[in-house]
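Novice: Kindly generate the complete structure, drawing on both the sequences and the hints.
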Amino acid sequence: MSTTGLKVLVIDDSNTIRRSAEIFLKQGGHEVMLAEDGFDALSKVNDYEPHLIFCDILMPRLDGYQTCAIIKRNAKFSGVPVVMLSSKDGVFDKARGRMVGSQDYLTKPFTKDQLLQTVQQFGTAK
1 MSTTGLKVLV
11 IDDSNTIRRS
21 AEIFLKQGGH
31 EVMLAEDGFD
41 ALSKVNDYEP
51 HLIFCDILMP
61 RLDGYQTCAI
71 IKRNAKFSGV
81 PVVMLSSKDG
91 VFDKARGRMV
101 GSQDYLTKPF
111 TKDQLLQTVQ
121 QFGTAK
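The sequence shown: position 97 = 97 (the UniProt record's numbering), numbered continuously.
If you're looking for bench data, these hints aren't it; they were derived computationally from the structure. Just so it is clear, CB atoms sit at the ideal spot from N, CA and C, and this is done for glycine as well. Wrong hints could be hidden among the right ones.
Distance ranges between label pairs, derived from CB positions [stated by the list, open to error]:
(1) Val91 with Glu31: 13 to 23 Å
(2) Lys72 with Asp47: 16 to 26 Å
(3) Gly90 with Gly5: 32 to 42 Å
(4) Gly5 with Pro60: 25 to 35 Å
(5) Asn74 with Arg98: 13 to 23 Å
(6) Lys7 with Gly101: 17 to 27 Å
The calculated DSSO-like cross-link candidates involving lysine-lysine, where the alpha carbons are at most 30 Å apart (straight line), are [unchecked claim]:
(7) Lys88 with Lys112
(8) Lys108 with Lys88
(9) Lys72 with Lys26
(10) Lys94 with Lys76
(11) Lys7 with Lys112
(12) Lys26 with Lys108
(13) Lys44 with Lys108
(14) Lys94 with Lys72
(15) Lys88 with Lys44
(16) Lys7 with Lys94
(17) Lys26 with Lys94
(18) Lys112 with Lys72
Specialist: Laid out in structure tokens, this is it:
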């Protein structure tokens, strides 16, 4: 099955990260929706129904763990893969991400190849 044209939601409070993720993903042939924090993301998940979500851990108001846990609690979206984004490559963060239901972990700053490889990995699972 072809993995092109996946709908990907990127949640990050950093404009730089959102923009680079959007550029990389569009170059990979994917549709991109951006959210700047967890609250913003929750309404967009509902409207946009993404195939894959990248979620930053450190965000104001609602952090990535809380955002992921809320998304996973919704039966409609519990099967959507969530990949945590963090500038720290910590074992604790990875373990905590798994506890709230995230599938994987990507350390920032990521390269275009790393990002697209992750999308491909989870995109084929649909």
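Novice: Take the hints in turn and mark each one as holding or not.
Specialist: To see whether the hints hold, each was checked on the structure:
Distance hint check for valine 91 and glutamate 31: the Cβ-Cβ separation is about 33 Å, which falls outside the suggested range of 13 to 23 Å. A hinted range of 16 to 26 Å for the beta carbons of lysine 72 and aspartate 47 is consistent with their spacing of about 18 Å. Roughly 34 Å separates the CB atoms of glycine 90 and glycine 5, a value that falls within the hinted 32 to 42 Å. Our hint of 25 to 35 Å for glycine 5 and proline 60 holds, since their Cβ atoms are close to 32 Å apart.
At about 19 Å, the beta-carbon gap between asparagine 74 and arginine 98 stays in the expected band of 13 to 23 Å. At roughly 19 Å, the beta carbons of lysine 7 and glycine 101 sit within the given window of 17 to 27 Å. The suggested pairing of lysine 88 with lysine 112 holds, with an alpha-carbon distance near 19 Å, which does not exceed 30 Å. Only pairs whose Cα atoms come within 30 Å are accepted, and lysine 108 paired with lysine 88 is accepted, the gap being roughly 8 Å.
With a CA separation close to 26 Å, the supplied pair lysine 72 and lysine 26 stays within the 30 Å bound. Taking the CA atoms of lysine 94 and lysine 76, the gap is near 24 Å; set against the 30 Å cutoff, the hint holds. For the hint linking lysine 7 to lysine 112, the alpha-carbon distance of about 17 Å falls within 30 Å, and the restraint holds. Between lysine 26 and lysine 108, the direct Cα distance comes to roughly 19 Å. Compliance with the 30 Å bound is thereby established for this hinted pair.
Of the supplied pair hints, the one linking lysine 44 and lysine 108 holds, its CA atoms being roughly 23 Å apart against a limit of 30 Å. Between lysine 94 and lysine 72, the direct Cα distance comes to roughly 17 Å. Compliance with the 30 Å bound is thereby established for this hinted pair. Between lysine 88 and lysine 44, the direct Cα distance comes to roughly 26 Å. Compliance with the 30 Å bound is thereby established for this hinted pair. The hinted pair formed by lysine 7 and lysine 94 meets the criterion: a straight-line CA distance of about 24 Å does not exceed 30 Å.
With a C-alpha separation of about 27 Å, the suggested pairing of lysine 26 with lysine 94 holds against the 30 Å cut-off. With a C-alpha separation of about 27 Å, the suggested pairing of lysine 112 with lysine 72 holds against the 30 Å cut-off.
Hint violations for this structure: number 1 only, all remaining hints satisfied.
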